[in-house]
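The listed protein sequences derive, respectively, from chains A and B. FYI, my numbering numbers position 63 of the first sequence as 49, with every residue one higher than the one before it. Remember, my numbering sits 638 above the position in the second sequence when you count from 1.
Please keep in mind that the hints were generated in silico from the structure rather than gathered at the bench. Ideal Cβ placement from N, Cα and C applies to all residues, glycine included. Wrong hints could be hidden among the right ones.
[To be verified] Sample of chain B residues at the chain A side, in silico, Cβ under 8 angstroms:
{"no.": "1", "residue": "N692"}
{"no.": "2", "residue": "L694"}
{"no.": "3", "residue": "R720"}
{"no.": "4", "residue": "M721"}
{"no.": "5", "residue": "F733"}
{"no.": "6", "residue": "H735"}
{"no.": "7", "residue": "G745"}
{"no.": "8", "residue": "R748"}
{"no.": "9", "residue": "V749"}
{"no.": "10", "residue": "R793"}
{"no.": "11", "residue": "M797"}
{"no.": "12", "residue": "R800"}
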Amino acid sequence: MSGRLGISGRANRPGTSIMMLAQARKALNSKPMSVLIYCGVMYLIIYGCLAGAEAMGYNWQWYRIPDYLFRMTDDGFQWGEISVGLVKTLLLSGQAFLLALIIGLAVALLRLSGLVVGVAVSIVFLEFVRNMPLLVLLYLFYYIIGAIFGLDRYTASVLCLAVFHAALVSEIFRAGINAVPVGQWEAAKSIGMSTVQCYRYIILPQSVKFMLPPMTGEVVHMVKSSAIVSVIAVAELTTIGRNLISDTYMSFEIWFTIAAVYMVVTLMLSVFVTFMERRYAVST
Amino acid sequence: MPETQPIIEIRNVDKFFGDFQALSDVSLTVNSGEKVVICGPSGSGKSTLIRCVNRLEEHTSGQLFVDGIELTGETRNIRAVRMEVGMVFQQFNLFPHLTVLENLTVGPLRVRKISKADAIARARKYLERVHIPEQADKYPAQLSGGQQQRVAIARSLCMEPRIMLFDEPTSALDPEMINEVLDVMIELAESGMTMICVTHEMGFANRVADQMVFMDGGKIVEIAPPSVFFTKPKNPRCREFLDQILEH
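Whenever a hint applies, use it, and build me the whole structure from the sequences.
In structure tokens:
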């Protein structure tokens, strides 16, 4: 009898340990526990920052930051430097992205054209741009191409960002176009459509839903990589931040604020595109 | 007598995919209004042959005339031929991002460049002819396979072609939907359309075909009217094939 009990007891053991694990996981995932752990981790991070700043005798002046976003003066409402920089960043990335879309589509179509020269040109372009650090590309555009063609720093920046992202965008276009089944081409051609008509009415509209998610990533990437033009002193968000710091010495507050502004913009973009994706998913 | 005019002439056509010869020395003449049914084992070149007729495949050598136009590399000729030749695919290949009505009007609007009102009127007329006028505003994914294939037939008809090609139009369908598609094809045949069908529906073939073509290994090995083809085929390979598919 005792032997039987022993066997059954042993046989139960793995079962109970799995159950205990599941219970522990459930407890960890319960709402109060999650909130507690989250607050604990956040407290450690923030406390670490503050303690570090305290130790180096940093003088926090958060109260001065809102003035750099917007201020009310005797002349009325006025945008602050950071807001002006943000608008410049959005304008810069917006223009560069539009241009990147046009160049990217052209490169993708060349790549898919089946023409030997077209394919060769697009591959050389892709490999050239993809295997070069963005910073070096920017120097090329500003110090060499800019000097030859007399481009100002803003135009050189837009062109550089457009070319850099065109390489990435063209691969998104190519993948999106290739994702449309070959039967769609055949059906479109069998009713007499030219290649241009096939792309315009049949293939590109269908590839949009394949391209939207990676394109969002690309827009976010563009906004972030536009910060690099601060090295040639184009007055966008990051440059403004650097200038403000050299005037005020508030490096912690300003960099935190700049980071938060970038995050807000890119998060908003992501939410917008998620909404777009849902709309496209319904209509097809 | 329009019936005796050749509308498709295929002369000594070869087709290679790399080293593989899909068609070898194929010659076939189809007269205006004639119905030709092509059958044969898979890989015998049936689909390749009809895909050469509207240049979805490029023939390697030989000559191919459609409605008096020779198919060469000339883009203008290819498009002119494709406007006269409708094609129905095994997998329907409807445009999933367009409604049924838009599927039917996109060709006439963009290729034939007729007015929108005319294109819509024409689309409704052909939807009526394939017996699904009520589905005009749905998307292809909302239709059954048989309905989708009938929309595909209507889409081709909206271009008002002189020739229709069918590439195994019922092979991807559930059995209970085959007849609704075949009925539409029979009505089309009776209206005098020139048709080339690749199909294994022998009842349909027997009913509409003027000529039966049997292909094997990239060659046409037997051409005969159905009365001869089904009763006393000359080629032993053809006899064997017919025995196999008519057995059940």
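Here is how each hint holds up against the structure:
Given hint, N692(B) at the interface with chain A, holds; its Cβ is 6 angstroms from that chain's nearest Cβ, closer than 8 angstroms. The beta carbon of L694(B) comes within 5 angstroms of a beta carbon in chain A, closer than 8 angstroms, and the hint placing it at the interface holds. With its C-beta approaching chain A no nearer than about 4 angstroms, R720(B) sits inside the 8 angstroms limit, and its interface hint holds. A hinted interface residue such as M721(B) counts as satisfied when its beta carbon comes closer than 8 angstroms to some beta carbon of chain A; here the least separation is about 4 angstroms, so the hint holds.
A distance limit of 8 angstroms between C-beta atoms decides the matter here; for F733(B) the minimum to chain A is near 6 angstroms, and the interface restraint holds. A distance limit of 8 angstroms between C-beta atoms decides the matter here; for H735(B) the minimum to chain A is near 5 angstroms, and the interface restraint holds. Because the beta carbon of G745(B) sits about 4 angstroms from the nearest beta carbon in chain A, less than 8 angstroms, this interface hint is met. With a least beta-carbon distance of about 5 angstroms to chain A, the hint placing R748(B) at the interface is held under the 8 angstroms criterion.
About 4 angstroms separates the beta-carbon of V749(B) from the nearest beta-carbon of chain A, less than 8 angstroms, and the hint is met. For R793(B), the suggested interface contact is upheld, since its CB lies about 7 angstroms from the closest CB of chain A, less than 8 angstroms. Using the Cβ-Cβ criterion of 8 angstroms, the hint placing M797(B) at the interface with chain A is satisfied: the shortest such distance is roughly 5 angstroms. A hinted interface residue such as R800(B) counts as satisfied when its beta carbon comes closer than 8 angstroms to some beta carbon of chain A; here the least separation is about 13 angstroms, so the hint is violated.
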